[in-house]
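Protein chains: 2
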Amino acid sequence: MSLPEFADVAAAAKRLDGIALRTPLLENARVNAMLGGRLFIKAECLQRTGSFKLRGAYNFLSLMSEAQRRSGAVGWSSGNHAQGLAEAGRLLGVKTTIVMPADAPALKVANTRASGAEIVLYDRVKDSREAIGREIAARTGATIVPPYDHAWILTGQGTAGLEIVDQARALGATLDAVAAPCSGGGLATGIALAVKGLSPSTSVHAGEPAGFDDMMRSLAAGEKQTNARLSGSICDALLAPTPGDITFPLARDLLGPGLVVSDEEVLDAMELAFREFKLVVEPGGAVALAAALTGKMPVKGRTVAVVCSGGNVDHETFARALARRAP
Amino acid sequence: MSLPEFADVAAAAKRLDGIALRTPLLENARVNAMLGGRLFIKAECLQRTGSFKLRGAYNFLSLMSEAQRRSGAVGWSSGNHAQGLAEAGRLLGVKTTIVMPADAPALKVANTRASGAEIVLYDRVKDSREAIGREIAARTGATIVPPYDHAWILTGQGTAGLEIVDQARALGATLDAVAAPCSGGGLATGIALAVKGLSPSTSVHAGEPAGFDDMMRSLAAGEKQTNARLSGSICDALLAPTPGDITFPLARDLLGPGLVVSDEEVLDAMELAFREFKLVVEPGGAVALAAALTGKMPVKGRTVAVVCSGGNVDHETFARALARRAP
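Chains as they are written, first to last, in numbering that gives the first Met the number 0: chain F, 0 to 326; chain W, 0 to 326.
One or more hints might be untrue.
[Claimed, not checked] Here are the simulated DSSO-like cross-link-like pairs (lysine-lysine), alpha carbons at most 30 Å apart as the crow flies:
1. F/Lys94 / F/Lys125
2. F/Lys195 / F/Lys13
3. W/Lys94 / F/Lys94
4. W/Lys94 / W/Lys125
5. W/Lys195 / W/Lys13
6. F/Lys299 / W/Lys94
Think of the hints as simulated: they come from the structure by calculation, not from any bench.
Pulled out of the complex, with its shape left as it was, chain F reads as follows:
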């Protein structure tokens, strides 16, 4: 199996031109002074559908053949991949079917349906979403669009990394390090392909929530490790059990040591993003920022960019983040 390369990310960027928003790279003088360095936030929470997932899904559907597109696409996701895939389908005129848990937040189900996707609900306890998705694919001829472990997906996500390097250069900055949230590793490895291609000396790191640090442990061990649990972090977007078969070898080649943060550190990062950057960031989207704010990814004396990868957070959870600091 040949792994995707920098050129594949560059090609994806052409497909996404005019489709994906070129999200801003933000910095804040007060936060820089506090950290003693220069911190950039790549605000992918402002991306269409509220997360970076549109990039990979749109790139994937664009690369399907005409015949495949006519037969539709199917995916399973409780959150951001569902919305990204559904919207990519709407934009490209590809019928999408999304398998979602029956207890998914009503807003996420409604948002996915609003893009024109057909929703198939399953029972988290009794059913296998993969089995349901594969049955739909077999019956209808729809193409399965995996959430991360596919070259077309991760190179699409990587286009955010091209923008980060380009935007930092325009601001006169050379990046010492870039960090991105990591679940299965599609975003982190895609960004690593992009960043390493443009700026080989920049280190790239994957951020994970405590207890779901399979990538960090896999990188340390040199082989894939699995999380003990499947749920139990506030970071609902980052619960994949183990790195992918494509993302792990890429990660081993391209990523520096992993970064792990607690739920409390994530809530604090969300509060800072609210207060200083005026951004709504979801828990899973804030892990790389949390790593920078806590010093786990050092910023002092350096120039660092973190991806805030999504903003699809419910009102109650956001209120919890606000409550971390009195006005």
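Following the hints, put chain W in place on chain F, whose structure we already have.
Relative to chain F, chain W alone:
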């Protein structure tokens, strides 16, 4: 007195190039479908210092002579102008003194001080901030930087309008209307100069909170009107008592009918900005968006841009907006 012109806005844009963030122009497929038209948000809440005010203040300080700059600048503001002026001073090496009410939110005072400004506190009941500011100017030779009623200020704010038209065109959109929040009218008239210069058929409107609709009533009456009250709206940034001597003639020449929204409509707009656009918008920053969402500024069948002008909102007020809709 000659009024500022389009060319002055274009010149300000050159001064602000690389200084002011080119904030994104965002849209959302679901919101567009809900409104039956195309709605853009100019996200000036993401601007450095959390509001558009940096644009005008930086333009003003840039245009001061070397001798004036050495004597410093003084302004009075409880909020966004304070932070914008202080940060412009820091960037240009001009000492700034800001007269702020003693009961201003601690965070705003701290933020202003963090930019290196000297803070002079006054008592809202007993003192006149103008008198204090003028005394400082007379004693130190500092130049007074007014919050809105000056050509250098409003043409700086207008640079956001150049970006709106340019960004909309890049998205293939021709704007039927643009709306911006209005207190003294600096932002709205600056944007009108810019937008009318590039796209004469686009109408431009000022949005105000109910009870503080002096601009709307002044436009309707053809002469300056004054608000009955000086406080009592959630929109703390939009409480100027009457249009300016420069902004009003510009407004009369360039603006369409005014738009007025209630505090409840503002909170609903803040909630929608959170949920759909992942933006933190302060109450005063959300009035134009509120006008679009309520149909007071019609979007159906049209293409409309609204400026969300700031994001400097305290935690408690933002939590009130979140509570407008259960998750």
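Now for the hints, and whether the structure bears them out:
no. : hint               : result
1   : F/Lys94 / F/Lys125 : holds, 27 Å
2   : F/Lys195 / F/Lys13 : holds, 19 Å
3   : W/Lys94 / F/Lys94  : violated, 60 Å
4   : W/Lys94 / W/Lys125 : holds, 27 Å
5   : W/Lys195 / W/Lys13 : holds, 19 Å
6   : F/Lys299 / W/Lys94 : holds, 27 Å
The structure fails to meet hint 3 from the earlier list, while all remaining hints are met.
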